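A.B. asks: Sequence:
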Amino acid sequence: MLTIEKRDALLKLSTPLVVDAMDRLDLPERVLDPAIRPVVPFTKMAGTAVTVLLKSQPNPKKANLEIYSQAFEAGQGVCCPIMVVEVPKEHHHRGIFGEGAATMGLQNGFVGALIDGAVRDTHDLRRMNFPAFSRTIAPGYICGKVEAVSSGEPVCIGGTTIEAGEIIFADNDGVVVMDPANLDAIIEKARAIQQWEHIMHSLFAEGCSSDDAHKKAGPMP
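Just so you know, our numbering puts 170 at position 170 of the sequence shown, and the rest follows in order with no gaps.
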């Protein structure tokens, strides 16, 4: 389970370090499609997934987003929630997350958004310092065209299934998903790798060859 302390520890790492740690621990690599990018370059976020699934709804009268709105309130009981939304591909040119959603998110403790679809109001998101990662950025209007059909159920984001409660960590290199049961081990291993890399890179800067540096630093943890 995520805590503020563990989140702070993650934010001092990077997605490459976390993925390297997962590999060393023989855990599956759960890296999202590289098309999922930060709306504001070099944004970083870490938190717990709150999932929402959207479906196309040709009948505007049935295109209800109430479940999506309620998901923001559900985040109040979660440590550092991140809104994770799966959007139908045919609506990836229409923004589901913008200034209004970010405002609701901040009011309910959300620390970011992960959207397999479009984000809009990007100037406002930057001004608000609200981290968002998405497949596209587009100004299209989505209300009346999709229906929120579930919250708290698995969603597919960037080719990876994400369940509510899983840990999301994202930076400028990409987005990785972790099982909370493995979080402590991943952080510990990533920290060890980070320290080892610092030694290795310092040796390189001193002019050491790769072989000599490995002899001095020892094997990668």
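Watch out, some of these pointers could steer you wrong.
Computed beta-carbon distance windows for the label pairs [said to hold, decoys possible]:
(1) Tyr141 / Asp23: 41 to 49 Å
(2) Ala35 / Ala205: 30 to 38 Å
(3) Ile4 / Pro34: 37 to 45 Å
(4) Ser69 / Gly207: 19 to 27 Å
(5) Arg24 / Glu163: 18 to 26 Å
(6) Arg24 / Lys62: 30 to 38 Å
(7) Asn172 / Glu99: 52 to 60 Å
(8) Arg191 / Val149: 36 to 44 Å
(9) Gly218 / Arg126: 37 to 45 Å
(10) Asp211 / Glu73: 19 to 27 Å
(11) Glu99 / Gly144: 13 to 21 Å
(12) Ser210 / Cys143: 15 to 23 Å
(13) Asp23 / Ser210: 37 to 45 Å
(14) Pro60 / Thr161: 40 to 48 Å
Note that these hints are calculated values from the structure, not bench results. Bear in mind the structure is a predicted one, so any value in this text is a computation, not a measurement. Every residue gets a Cβ at the ideal spot worked out from N, C-alpha and C, and that includes glycine.
A.B. asks: Where does the structure disagree with the numbered hints, that is, which hint numbers, in rising order?
C.D. replies: When the structure is compared with the hints, numbers 3, 4, 6, 7, 10, 12, 13, 14 turn out to be violated.
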